[in-house]
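Visitor: Each chain is listed here by its residues.
Protein chains: 2
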Amino acid sequence: MNYPNKINREYHKTISYANRGMDLENIINDTNEYLLSKDIALIYKKPTPIGVVKVNYENNKQIIEKAYFASPSTLDYNGLYKGKYIEFDAKNTESKTSFPLSNVHEHQIKHIRNVIKHDGIVFLIIRINGICYLLNGPDFISFIDNNTRKSIPYDYIKEFGYELEYNYTKGLNYLKYVDIIGGYKNEEN
Amino acid sequence: MNYPNKINREYHKTISYANRGMDLENIINDTNEYLLSKDIALIYKKPTPIGVVKVNYENNKQIIEKAYFASPSTLDYNGLYKGKYIEFDAKNTESKTSFPLSNVHEHQIKHIRNVIKHDGIVFLIIRINGICYLLNGPDFISFIDNNTRKSIPYDYIKEFGYELEYNYTKGLNYLKYVDIIGGYKNEEN
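Chains as they are written, first to last, in this note's numbering: chain Y, 71 to 259; chain E, 71 to 259.
Note that these hints are calculated values from the structure, not bench results.
Treat each hint with caution, since some may be false.
Which copy is meant is left open, because identical chains are indistinguishable; a pair holds if it fits in one copy or across any two.
[Claimed, not checked] Below are the BS3-like pairs computed for lysine-lysine, each with C-alpha atoms no more than 27 angstroms apart in a straight line:
hint, residue 1, residue 2
1, K180, K240
2, K228, K180
3, K161, K108
4, K161, K246
5, K187, K108
6, K240, K161
7, K136, K116
8, K124, K220
9, K115, K131
10, K161, K116
11, K180, K108
12, K116, K152
13, K161, K180
14, K115, K187
15, K240, K115
16, K187, K240
17, K131, K161
18, K220, K180
19, K131, K220
20, K240, K228
21, K187, K152
22, K131, K180
23, K124, K187
24, K136, K124
25, K161, K124
26, K166, K246
27, K166, K228
28, K246, K187
29, K136, K187
30, K180, K152
Based on the sequences and whatever the hints tell you, model everything.
Guide: Right, dumping it as structure tokens:
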């Protein structure tokens with residue numbers, strides 16, 4: 071084969087999940103189920119907050135007859151890995167050149183700042199151009215604090231983010247980079 | 071005053087929250103709001119999981135027209151305190167002599183074991199006879215593993231649990247005992 075390695079790798083990654091249109095949320099959920107089943111980490115998706123308006127009873131069971139989806143003030147996933155608190159959100163963008171900040175609510179940005187302040191591990195998993203990146207919370211906040219742009223350029227994500235790999239059995243290898251941003255390597259040495 | 075200190079303290083505690091019938095969930099929520107506002111800890115109640123059956127659109131907004139409450143497989147509250155993962159549930163019991171284990175689902179017990187295994191801090195806040203106790207996860211699991219009883223006697227809770235105090239402004243002082251069970255004192259020394 072004459073293709074350079076880089077192209078080959080991109081190609082394999084692309085067919086492995088991105089272009090097959092697998093839903094990012096499903097990929098993350100499958101990954102977390104794998105991590106739970108192998109006793110590696112406990113990461114759960116928080117239920118979507120719902121405002122219940124009307125409840126009735128059917129055969130002694132509560133049935134919700136009117137409710138609406140509320141917007142979350144935290145991120146979608148949180149849990150426990152090696153004793154530490156982890157929280158993240160997974161965002162897909164159709165744009166090929168940047169990640170629009172409108173994808174993250176104002177109170178979620180405030181929450182990310184809070185998690186950093188309290189020594190938690192917080193990040194975004196951003197899928198752009200069919201590739202998933204882990205963007206560490208401090209790098210995300212740093213962009214917001216130092217730019218007036220309403221979207222994060224792809225180049226920034228490539229420079230500061232960690233490109234994730236997907237495996238059919240193990241899912242997305244995001245914990246590999248949590249080990250790095252959480253400083254576990256330093257602790258072990 | 072001729073009352074011994076102990077009785078006086080109990081009396082104050084009792085009128086302060088228990089006998090006024092304040093809902094335990096509200097007390098915990100107020101406490102967590104206080105902790106958030108003072109930048110002490112980030113603890114949130116997870117939304118109740120809901121199975122959505124039917125959704126319709128009204129004025130371009132999604133309205134849930136049929137749904138049901140699902141039972142949670144984790145505990146109600148989790149969050150971040152001093153970099154560590156914390157998870158707990160608050161349980162009220164009407165029984166004066168014991169805490170019925172039927173209050174905790176089988177998959178929640180499994181989850182508590184998991185959190186312990188992964189070095190998280192996990193506990194129950196149990197209100198019995200109008201007094202709130204923090205019962206550390208390992209003490210809760212130890213009872214289950216070493217007894218065939220379907221309820222935890224009040225005496226066990228008094229012996230192994232930490233009696234909590236309530237303050238109108240600060241709420242329940244459960245973090246005081248998280249500092250102890252989480253071993254922060256040792257780290258600081």
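Visitor: Compare the structure with each hint and give your call.
Guide: Hint-by-hint comparison with the structure:
1. When the C-alpha separation of K180 and K240 is checked against a cutoff of 27 angstroms, the pair qualifies only between copies, where the shortest distance is 23 angstroms, while the shortest distance within a copy is 32 angstroms.
2. For the identical chains of this complex, K228 and K180 are intra-copy neighbours only, at 24 angstroms inside a copy versus 40 angstroms across copies, given an alpha-carbon limit of 27 angstroms.
3. For a Cα distance limit of 27 angstroms, the shortest separation of K161 from K108 inside one copy, 25 angstroms, qualifies, whereas the shortest one across copies, 31 angstroms, does not.
4. When the C-alpha separation of K161 and K246 is checked against a cutoff of 27 angstroms, the pair qualifies only within one copy, where the shortest distance is 19 angstroms, while the shortest distance between copies is 37 angstroms.
5. In this homomeric assembly, K187 and K108 come within 27 angstroms of each other (Cα to Cα) only across copies, at 13 angstroms, whereas the closest approach inside a single copy is 31 angstroms.
6. When the C-alpha separation of K240 and K161 is checked against a cutoff of 27 angstroms, the pair qualifies only within one copy, where the shortest distance is 20 angstroms, while the shortest distance between copies is 37 angstroms.
7. In the homo-oligomer, the alpha carbons of K136 and K116 lie at most 27 angstroms apart both inside one protomer (21 angstroms) and across protomers (20 angstroms), since each shortest distance falls under that limit.
8. Taking the shortest alpha-carbon separations for K124 and K220, neither the intra-copy value of 39 angstroms nor the inter-copy value of 35 angstroms comes in at or below 27 angstroms.
9. In this homomeric assembly, K115 and K131 come within 27 angstroms of each other (Cα to Cα) both inside a single copy, at 26 angstroms, and across copies, at 23 angstroms.
10. Taking CA atoms no more than 27 angstroms apart as the test, K161 paired with K116 passes in both settings, with 15 angstroms inside one copy and 21 angstroms between copies.
11. In the homo-oligomer, the alpha carbons of K180 and K108 lie at most 27 angstroms apart only across protomers (15 angstroms), although the nearest pairing inside one protomer, at 33 angstroms, exceeds that limit.
12. For the homomeric pair K116 and K152, the shortest alpha-carbon distances inside one copy (20 angstroms) and between copies (22 angstroms) are both at most 27 angstroms.
13. Within a single copy, K161 and K180 get their C-alpha atoms as close as 17 angstroms, which meets the 27 angstroms cut-off; across copies the closest is 31 angstroms, which misses it.
14. With identical chains, the CA atoms of K115 and K187 are at most 27 angstroms apart both within one copy (22 angstroms) and between copies (20 angstroms).
15. Only within a single protomer do K240 and K115 lie at most 27 angstroms apart by alpha-carbon distance; the minimum there is 17 angstroms, versus 30 angstroms between protomers.
16. For the identical chains of this complex, K187 and K240 are inter-copy neighbours only, at 21 angstroms across copies versus 31 angstroms inside a copy, given an alpha-carbon limit of 27 angstroms.
17. Taking the shortest Cα distances, K131 and K161 sit within 27 angstroms of each other only across copies (21 angstroms), while inside one copy they are farther apart (36 angstroms).
18. When the C-alpha separation of K220 and K180 is checked against a cutoff of 27 angstroms, the pair qualifies only within one copy, where the shortest distance is 16 angstroms, while the shortest distance between copies is 44 angstroms.
19. Only between protomers do K131 and K220 lie at most 27 angstroms apart by alpha-carbon distance; the minimum there is 25 angstroms, versus 47 angstroms within a single protomer.
20. For the homomeric pair K240 and K228, the shortest alpha-carbon distance inside one copy (23 angstroms) is at most 27 angstroms, but the shortest distance between copies (45 angstroms) is not.
21. Proximity of K187 and K152 under a CA criterion of 27 angstroms is satisfied in both settings, with 19 angstroms inside one chain copy and 9 angstroms between copies.
22. For a Cα distance limit of 27 angstroms, the shortest separation of K131 from K180 across copies, 26 angstroms, qualifies, whereas the shortest one inside one copy, 38 angstroms, does not.
23. For a Cα distance limit of 27 angstroms, the shortest separation of K124 from K187 qualifies neither inside one copy, at 39 angstroms, nor across copies, at 40 angstroms.
24. Both within a single protomer and between protomers do K136 and K124 lie at most 27 angstroms apart by alpha-carbon distance, with minima of 5 angstroms and 10 angstroms respectively.
25. Taking the shortest alpha-carbon separations for K161 and K124, only the inter-copy value of 25 angstroms comes in at or below 27 angstroms, while the best intra-copy value is 32 angstroms.
26. For the homomeric pair K166 and K246, the shortest alpha-carbon distance inside one copy (26 angstroms) is at most 27 angstroms, but the shortest distance between copies (49 angstroms) is not.
27. Taking the shortest alpha-carbon separations for K166 and K228, only the intra-copy value of 12 angstroms comes in at or below 27 angstroms, while the best inter-copy value is 60 angstroms.
28. For the identical chains of this complex, K246 and K187 are neighbours both inside a copy (23 angstroms) and across copies (20 angstroms), given an alpha-carbon limit of 27 angstroms.
29. In this assembly of identical chains, K136 and K187 lie within 27 angstroms of each other by CA distance neither inside one copy nor across copies; the values are 38 angstroms within and 40 angstroms between.
30. In this homomeric assembly, K180 and K152 come within 27 angstroms of each other (Cα to Cα) both inside a single copy, at 25 angstroms, and across copies, at 18 angstroms.
When the structure is compared with the earlier hints, violations turn up for hints 8, 23 and 29 and for no others.
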